[in-house]
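Student: Protein chains in written order, with the numbering used here: chain A, 17 to 316; chain B, 17 to 316; chain C, 17 to 316; chain D, 17 to 316; chain E, 17 to 316; chain F, 17 to 316.
Simulated from the structure, these hints should not be mistaken for laboratory data.
Quick caveat, the model's predicted, so the values are computed rather than measured.
One thing to keep in mind: the hints can contain errors.
Any copy, or any two copies together, can satisfy a pair, since identical chains are not distinguished.
Listed next, the in silico DSSO-like pairs over lysine-lysine satisfying Cα-Cα at most 27 angstroms (straight line) [what the hints assert, rightly or not]: (1) 230 to 253; (2) 272 to 30; (3) 32 to 263; (4) 32 to 220; (5) 32 to 272; (6) 236 to 30; (7) 308 to 32; (8) 236 to 272; (9) 236 to 220; (10) 30 to 308; (11) 230 to 263.
This is what each chain is made of:
Protein chains: 6
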Amino acid sequence: MITRHDRVAVDLPKPKSPNPNGASLVQELLGGKFGEMSTLMNYTFQSMNFRGRDQDHARPFYDLIANIAAEEHNHIELVTYTINLLLSGASERGTDPTTAPLGVANESRNSLHFIASGQTALPVDSMGRPWTGDNVFSSGNLKLDLLHNFFLECGARANKIRVYETTDDPTVRAMAGYLLVRGGVHVVAYARALEVLTGADLSKLFPIPDISNKQFPEAKVLEDQGLHLILYRNNPKDFARVGEVWKGRHPEDGQKLTVEDGGPEGVPTPELPEEPQLTAPGIGAIDEEMLKELAKRLGS
Amino acid sequence: MITRHDRVAVDLPKPKSPNPNGASLVQELLGGKFGEMSTLMNYTFQSMNFRGRDQDHARPFYDLIANIAAEEHNHIELVTYTINLLLSGASERGTDPTTAPLGVANESRNSLHFIASGQTALPVDSMGRPWTGDNVFSSGNLKLDLLHNFFLECGARANKIRVYETTDDPTVRAMAGYLLVRGGVHVVAYARALEVLTGADLSKLFPIPDISNKQFPEAKVLEDQGLHLILYRNNPKDFARVGEVWKGRHPEDGQKLTVEDGGPEGVPTPELPEEPQLTAPGIGAIDEEMLKELAKRLGS
Amino acid sequence: MITRHDRVAVDLPKPKSPNPNGASLVQELLGGKFGEMSTLMNYTFQSMNFRGRDQDHARPFYDLIANIAAEEHNHIELVTYTINLLLSGASERGTDPTTAPLGVANESRNSLHFIASGQTALPVDSMGRPWTGDNVFSSGNLKLDLLHNFFLECGARANKIRVYETTDDPTVRAMAGYLLVRGGVHVVAYARALEVLTGADLSKLFPIPDISNKQFPEAKVLEDQGLHLILYRNNPKDFARVGEVWKGRHPEDGQKLTVEDGGPEGVPTPELPEEPQLTAPGIGAIDEEMLKELAKRLGS
Amino acid sequence: MITRHDRVAVDLPKPKSPNPNGASLVQELLGGKFGEMSTLMNYTFQSMNFRGRDQDHARPFYDLIANIAAEEHNHIELVTYTINLLLSGASERGTDPTTAPLGVANESRNSLHFIASGQTALPVDSMGRPWTGDNVFSSGNLKLDLLHNFFLECGARANKIRVYETTDDPTVRAMAGYLLVRGGVHVVAYARALEVLTGADLSKLFPIPDISNKQFPEAKVLEDQGLHLILYRNNPKDFARVGEVWKGRHPEDGQKLTVEDGGPEGVPTPELPEEPQLTAPGIGAIDEEMLKELAKRLGS
Amino acid sequence: MITRHDRVAVDLPKPKSPNPNGASLVQELLGGKFGEMSTLMNYTFQSMNFRGRDQDHARPFYDLIANIAAEEHNHIELVTYTINLLLSGASERGTDPTTAPLGVANESRNSLHFIASGQTALPVDSMGRPWTGDNVFSSGNLKLDLLHNFFLECGARANKIRVYETTDDPTVRAMAGYLLVRGGVHVVAYARALEVLTGADLSKLFPIPDISNKQFPEAKVLEDQGLHLILYRNNPKDFARVGEVWKGRHPEDGQKLTVEDGGPEGVPTPELPEEPQLTAPGIGAIDEEMLKELAKRLGS
Amino acid sequence: MITRHDRVAVDLPKPKSPNPNGASLVQELLGGKFGEMSTLMNYTFQSMNFRGRDQDHARPFYDLIANIAAEEHNHIELVTYTINLLLSGASERGTDPTTAPLGVANESRNSLHFIASGQTALPVDSMGRPWTGDNVFSSGNLKLDLLHNFFLECGARANKIRVYETTDDPTVRAMAGYLLVRGGVHVVAYARALEVLTGADLSKLFPIPDISNKQFPEAKVLEDQGLHLILYRNNPKDFARVGEVWKGRHPEDGQKLTVEDGGPEGVPTPELPEEPQLTAPGIGAIDEEMLKELAKRLGS
């Protein structure tokens, strides 16, 4: 079970300008094979499917996967809001359909943003193809699942780096910087889990791909604050043993890894203005009289 | 953001016996077009994408959708654990691969349960086809999204009824009974939302399909306790206005609808024994010496 | 534009017994790559997309493709009704959901027949996979499109033969026999079109695959009546020149090909009884009082 | 069974200029989830699958769905011809392949128009993804199917509005205006059907989304002629009782609904010139001598 | 470029009996996400896409990937022939279609084996779903691609183990045993490549999953002969430096790794008898006279 | 079994300039329905699945299909390298991620080239959709399979012509010219096979589509050298009888067809420079010290 909060993990700056094609590329980090839908759903299913978790040796690994799953929910939010901010104001606002207000769709890579959604995110990749359950790997074998997760996070890291490199938009960069750091925690976490499970030392593999988070200013500033060292524990009672895996030192800078109870403090969700040409949400399209009646019906 | 708890919403009885084909059918309620992955992801995206939510008239609808989204997480858990319980012990347990322990796969509808997963759930439907992001509808127009959700919940209700009708297994029936009641709340919630938004009276449409929850003993017992009247509010501060939509009387039995803060109390997650023939999780496959070393590496 | 008639092309006998797995196999002839959805949609799109049809040399080919397209609508009907008849009574009829009336789904190849539909056909193949627009070929080059169609009809013929060979059910055999004959007309028609267009003589290729329609009693009886020699022309005014392609002699038995205006006379559509356990259609689930009110509302 | 006519429902003006990206967007109305392929196939399957249609209470609903299915064929034609007109002349005409005549494909959203088809429509959406049978809903439960259809038509309406808003091209607008009106009839029809079936009054839900057809000049002119009030009955004998559902007054302007036998009068299908650079149709590529021989082979 | 030889890598025993459902499961090793189509295509694309291969440090890795790619062709052959042998004689042989010779399809998991193919393999998985290019990972980053390949081979190993466990059929077991050994070489090869590239020591990760090849008699006998120690080099001139990666000792048994020029000696391809009821290949369906003419046309 | 050589069939000139959208279009010839992945996999599967090949009458057809399959490997290489050359240098080279080096992705049709791959080919079509096993046809009936292959090659020919027409880039044209000639051999080969098998004369069908290879300068120069007359035989011992089908005269220019043992001589594979902004391959990203260590670990 989960409890939902009306906040997002980090403050996103406003975009320099609306940017539909930029939004189309960011979709890769949401609905692509290595997007946040994939990390969320892989770990959610692996945790629900975890056999033998009642065993003393297995429980810390269960706790780790379950907690990382929970944090991925924050991440689909951040990518989604980035897309939504890039698309806000991307077409001509107004209520007259005869002015071709959605003309921008003709030059846009993802027409679904204008036809299927109200200039907002969809669970699709940068080519507009839907996320699919085929992206979930849950073999039941712990070592193999951890290896998968380590690879998945490295692949996700490559995608974040590459999407970052497509733009100088501050919203995208802030989001990607944050996710590089927090996704970086997950890379390390699964490497640590494999190390604890088998005794192998994977630290010389880092970083994958061969470029440090420190080269991304928006990530570096967060790592300077130590954000790459913290694993969030949703609840110290439910997931008591996560620290038996998340411990020791960071493979890249040697700092000490720590467990922090609760999640990030977060900030309110970003404001998303109406898009009347898309009747999104459409309440503003109603006349005065009807609005009064609606208010009356709402009034509790 | 979310907080995850290591509990599930309701206690699931043990299956009468392992039942791989039963599990294959229950997958429809997880990864099918009308499965819980769909309800979870539709409302999650609609809430993140909700434009104009800062407006006074719009906020209660946002609160409603966001809260229902959160509850759907409980539901993917319940369906997943039902599948996992049906698959526990479905093949021959043991560590010798030469005894054809997975022979049952030859007569099973979903071979992925034995090859791709460790006899556990996957985000696929009853034909083994993956859930897809194409199942998410998020037009941005509130009225249209609510109509979609009302239809989606009615479609989901039909599927639950039909899967219930395939079996007398107590686990499946307990799960389906609970979901009929709680999904029934969501049917009513979206109907109420449309009524509040437009002034139309949809109560004569109920029930869709034309069979009452009361005809399902496992649902009836819960409705007798009033579980069909409660909308869970994750947090009274974050989602203060959900009660401006969820109010009035139930369209079928006329009882008063109420908002309850927090979610169901829940119970611990079900136990899932190891399946050594699938090396799931595989820790038991390790010899004594290695287990000792693992314990040492875990010891914090 | 089309006019629809409430008739089907040929009378289908009742099945010996309900047969869900048989129905699952027949789906290949409806929604498979070589199913009737494919022939219908290929020729419908090719005709709408036919460039240069105003030219004197091109028009007869347009007329041919457009008319065959129309007949394929009859064929999706026949395959659909065959599936529906095989599924009628396939589960336990009744209104009590607690008797596991849909238990048969556990042993059935296509669970969607019981969960997604009311024991009726869906546009899917014998593995339950949906028909897709990728099955439509419409290159715009007449010779290439005709070659495609010739191949498509030969592939469809192979599928009909093989589905026929899976069963001794009289409904399936009557349907397959009729379609072998009428699809056989389309094989010949596209071969004739290629011959007229290029001057090549394709008659030695027949039959593909290497087995004659005469070996199928249900087809032979129709060919003895000359049904394999007739091309239906929807309307002599709209499609005046179809006979400039459909002429000469049948490549297998040398009989004279003829054009017939209008389509087959047809028979009323088969009766499909209610399936109350699926609330299909559900009107019977309504009580006496409501039925009276419904009758009142219907009364015009 | 159907009879096909070589006409389309309404006259389409010529485009201002060839417009490949415009064509790519219009594809959404053909092969998208809410495109005309979906409405055509949903109602065609629901009608063929309609159980219990022989019952007195059920027949009018069957008649309604079957007749709307037939009209959707007109609609796939209109969208297809709109795409074909937008693509006519979109590349450089000629027979010399070395001049890069298809260079425009490099800047076009849908390359399949130039590679897979002869600058004509395909059953794909605005992202080039194929239409799929997964878009067909046919549960067998009449109330649920009608609710689906009502939602489907509202979703289709949203898509038409949005595609209209992408352009000032007269062909697209004429097509969209006509479909808004006729699709609007289907929205009302399914609402009426639900009202007659259950007694609920859905009229306050209109319009969905929150913008009137009257705001679209190309639709308004047709509604001024009353085109939004007419349901076409293919045949008064086969579908005698459609008027028991289609009756009463239009929910938006209160005018009287009427049944009209036959369909629209229609006009000849639009002319589609050859595209020799694509050898579409390719007959013009043949030399004089061969054309003479072709004429001889055609001569009946 | 490749040269093809009419041989397969290892001799496959005849199946105990035809086994369509067994064949359906073995398909996972051919067209599944972790099947041989995936390994073949991943390495083929990675080798063709390998940037900077002219660099001294990079070339040995290119040589490794290119050579493993080539061996995967042997593996799709072995899996395909296993399927084909299991399906030989699976239906009733004969030329009379009225005896329902393909009745077995009604109880078979994969109907495509009887309808789409002539009782032979298709590039699909154990659920009949087609292999897809989405299974190819080719990021261009060497470390990430190697990590992917290491994971892919471990996942493939898990699938081979599990398919082995479904049956005691000697053909399946011989094939799986051979592939466990040769796929095991590839697991080690990619681990070695990562070790050489980064200096990390991955040997403690072995085996993944946690069961040794030695527990499979058909694999053990081959490892006893040292087959798990050999990497095949297609050509010592073209791929001179493969031995700079493939060297050292096997992580599980410590024996010395060696490079062998050329591939396995192989044996002739298995015999696949005709299936006349499927007209496969259909030449036998031709009468004596036609066979004579065919012989004449063939005679060179 | 195959032997791989580190060469490609023909020398490809350097592109005039990097051209991402050009690369996106060429993908159709690799991963499209009619791309080289399709020809390779169709013939590979048909040859492995060929029943009754031990029969005297059947063997020459097996030899033909198996040999053409082998040549298709050359063709996927040529298309892949064309794409890779077009993408080399397509973004800004460098190691600083903050300069938005991948900005070009915003205007590119296929973003996967920049995010999923290191500016290299993927098994996808011109819309970025993955190649799928559904593209493989292997019915087992020889005549039908040959007809399919003849159609497939004609469709592939149309695609090559159309992609050629999109550009004046010399790399694309050289590749397309070569493939028109060699694919043309395969068109003729399957026509010849049908002719030998049935006695029909298909020569009047040529060319499909209606434009001669001679109109493409890059193809004409190769046909002037007789490259369209040669069928490559991988090995005279393994495939001795291919000349019983490949014989006689070319249907278009009447020259004599000949069998040549071995394949084309070929040339070294094209050079693909590093793309450091994509860390492809990433070895250059390593510092001096690490490179020295790597050299040491490589040194055999």
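Student: Evaluate each hint against the coordinates.
Tutor: Here is how each hint holds up against the structure:
{"no.": "1", "hint": "230 to 253", "verdict": "neither (35 angstroms within a copy, 38 angstroms between copies)"}
{"no.": "2", "hint": "272 to 30", "verdict": "neither (34 angstroms within a copy, 44 angstroms between copies)"}
{"no.": "3", "hint": "32 to 263", "verdict": "neither (40 angstroms within a copy, 43 angstroms between copies)"}
{"no.": "4", "hint": "32 to 220", "verdict": "neither (39 angstroms within a copy, 42 angstroms between copies)"}
{"no.": "5", "hint": "32 to 272", "verdict": "neither (37 angstroms within a copy, 50 angstroms between copies)"}
{"no.": "6", "hint": "236 to 30", "verdict": "within (20 angstroms within a copy, 40 angstroms between copies)"}
{"no.": "7", "hint": "308 to 32", "verdict": "neither (37 angstroms within a copy, 44 angstroms between copies)"}
{"no.": "8", "hint": "236 to 272", "verdict": "within (17 angstroms within a copy, 45 angstroms between copies)"}
{"no.": "9", "hint": "236 to 220", "verdict": "within (21 angstroms within a copy, 33 angstroms between copies)"}
{"no.": "10", "hint": "30 to 308", "verdict": "neither (33 angstroms within a copy, 46 angstroms between copies)"}
{"no.": "11", "hint": "230 to 263", "verdict": "within (22 angstroms within a copy, 35 angstroms between copies)"}
Against the hints set out earlier in the document, violations occur for numbers 1, 2, 3, 4, 5, 7, 10.
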